[in-house]
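Read off the chains here:
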Amino acid sequence: MELLVSTIVNGLSIGSIYAMIALGYTMVYGIAKMLNFAHGDVIMVGAYAIYVFLAYVNPLFAILLAVVFCLLLGVTIEKVAYRPLRGASPLAVLITAIGVSYLLQSLAQIVFGSASKMVMVYDFGAIKLFGVTLQVSTLVTLAVAVVVMIALTLFVKLTRTGRAMIAVSEDKGAAQLMGINVNKIITITFAIGSSLAALAGLFYLLKAPSVSSTLGAMPGIKAFTAAVIGGIGSIPGAMLGGLLLGFVECIATKITVIAPYTDAIEFSILIVILLVRPTGFLGKKRREKV
Amino acid sequence: MRNFKFLSLILAVVLCAVAFVSCGEANYAAENTEYVIGVSGPLTGPAAVYGVAVQNSAQMAVDEINAAGGLNGTMFKFVATDDMHDPTKVATNYASMYEGGMQVSLGTVTTAPGLEYKNLSKDDNVFFLTPSASGDDIPGGGNGFQMCFADGNQGKVAAAFVNENCKEEAVGVFYKSDDPYSKGIYDQFAANLDETIKTTVTTFTAANETDFSTQIDTLKNCTFIFMPTYYDPASIFMTQAKDILAADAVYYGCDGFDGIDSKEGFDINAIPQKVSMLSHFNSKAEEGMAAEFIAKYVEKYGKDTLNQFGASAYDCVYAIYYAMEKAIADGKEIPVTISASDLCDILKDMFANGYELEEGVTGENIKWESNGYVNKAAIQYVIKDAGLPEAEAEVEAEAEVVAE
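So the sequence lines, in the order shown, correspond to chains D and S.
Each residue of the first sequence is one higher than the one before, counting from 16 in our numbering.
Each residue of the second sequence is one higher than the one before, counting from -16 in our numbering.
To be clear, the hints were calculated from the coordinates, so they are not data collected in a lab.
Be aware that a few hints might be false.
[Claimed, not checked] Quick look at which bits of chain D chain S covers, simulated, 3 or more residues with Cβ under 8 angstroms: (1) 135 to 142; (2) 184 to 198; (3) 204 to 215; (4) 218 to 231; (5) 270 to 280.
All values derive from a computational prediction rather than experimental measurement.
All C-beta atoms, glycine included, are put in the ideal place defined by N, C-alpha and C.
Using the sequences and the accompanying hints, generate a full structural model.
Quick look at the structure:
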């Protein structure tokens, strides 16, 4: 029972972070048709932003400022690095994204140094739940992630902008003909994705209060994997993929014999999914030239 | 056309000549006006705190030696190249230093690049004494020696400690399975542990170094946790686990723990558990050479990069310096233009046959086995006692580490 509760809570909480990050990947892919490999590093920037703002304001306000900072960063990256390449070959955009990723990491290293920084956002302490001692921050992470994901789903389904986003992802040309400002929609997508990344940065700080320039690298790749497993371009797919990956990671880490192979197992799942169902669980079938 | 043929002929001859010259046993140090010591280490990147410590400390030692008149009037020059803890960068670094006249070296700062360095330097017969590349396979080429304990030795000493003191404890282990340092220590620890002691083992990798909730959950009933990792992940673990593990539990680490109490933003007194470690350098030493070193280092470079890597590098430079001095006193000739290979022959013979550094920052009567492992005393000390707050470092016991 104890094992079950702790596995479920931890798996959900790791998974919900992956899901949040995967949402950024999948939305940008769905709408701008590009893989934004710098997305993971925005998480790191978000965490550093919280670290910096914490020195001046209270935690809640610092988080808010960090989200705004990342939002602006995401929009700027899109405007400076990706927009000039709209229409260029996907490979050029991909390489640019990787370049932006390295740029962010190197900048962070220049500004903050290479040693990791400890950041205590807020100490929630621990509680006992069904006989299991849990970090309260784990539960907070889970709760916030769920709320954000529900809000995002509603936003996309119910608002005008949200439906415009779906329209652009379905058919950019037709959407443009219908009077949708595609550039604006893409900018909004980057803004949302980057804000989610900032929140993911916050979650990492809540769980383990440490930030270094490579904080976002691996979660970024894992979340990308989650997005592909769920079906890249699909919002519920990203959530599903993220949660699945979180659970696999949590269970694999628990079993001593296979723990060292946790990452290998996660990426093997990706390979299997790609072989069996190349579009992921919830992805749409589509002929595509890469 | 004719001109062109003539020119190409000349070009061909020149190229051949160049090719032949570079085939010969060139002495790149022939033009040296100072003895050149080199090192390859992570001066940037995530492991930079170690590389920079080595760079600073070795430079400090070289400056001191030069200020005192060098070796019979000949000065030393120290060259550090950046490998970012990436083995693929080592070959270029090595070549630039070797061809730039390096005669003796500190090898690499970290283990993974060190394995590459070992092969390169063995081919050219270049002596190295590494301050901190602690992999069991780093020495063994005949030309390489360690100032730090080999990983396996740390594992053995830790196992002996656990066998002796933890019969009643629930022993947990937390290590990084894709890191040669961490795994090297763990493997020897596991091999030398009494069968009666049952351990709960949990691991992590470089990829999931950001959150240890699952690992902590696995170890939640343990009262003694062995952590052969660097302090960065350890400090994250401790912060995350402070309310979950028993308040009187003990963390026990190896030399990678060094500096954990001075990590920026990490308040070791905010965690209730006890933290102790096994090392060759006490970063809070209050007397002896270690204390002098700490004072000098902090004054010059600040506290941020003060760690056992630097202390060890400082000793390495002096060990090499005293060895050269002794060789000259014994009648050997070490001109400033001596080739790296000739100097290596002299030094490796001394180090493998009982040469001793009498007093260093990281120990006294430091000697080497013929296979390159160091032989000196390890100190176990408590970084922070259980309960709050009081962080008094005290030397608890001394354990002799004997290399095989």
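Quick rundown of the hints versus the structure:
Using a Cβ-Cβ cut-off of 8 angstroms, 3 residues of the region 135 to 142 of chain D lie near chain S, which meets the minimum of three, so the contact claim holds. With 0 residues carrying a beta carbon less than 8 angstroms from a beta carbon of chain S, the region 184 to 198 of chain D misses the three-residue requirement, and the given coverage is violated. Beta-carbon proximity to chain S at under 8 angstroms applies to 0 residues in the region 204 to 215 of chain D; the threshold of 3 is not reached and the given coverage is violated. Coverage of the region 218 to 231 of chain D by chain S holds. Counting CB-CB distances below 8 angstroms, 9 residues qualify, and the rule asks for three or more.
For a cut-off of 8 angstroms, the count of residues in the region 270 to 280 of chain D with a CB near a CB of chain S stands at 5, and the three-residue condition holds.
Comparing the model with each numbered hint stated earlier shows that hints 2, 3 do not hold.
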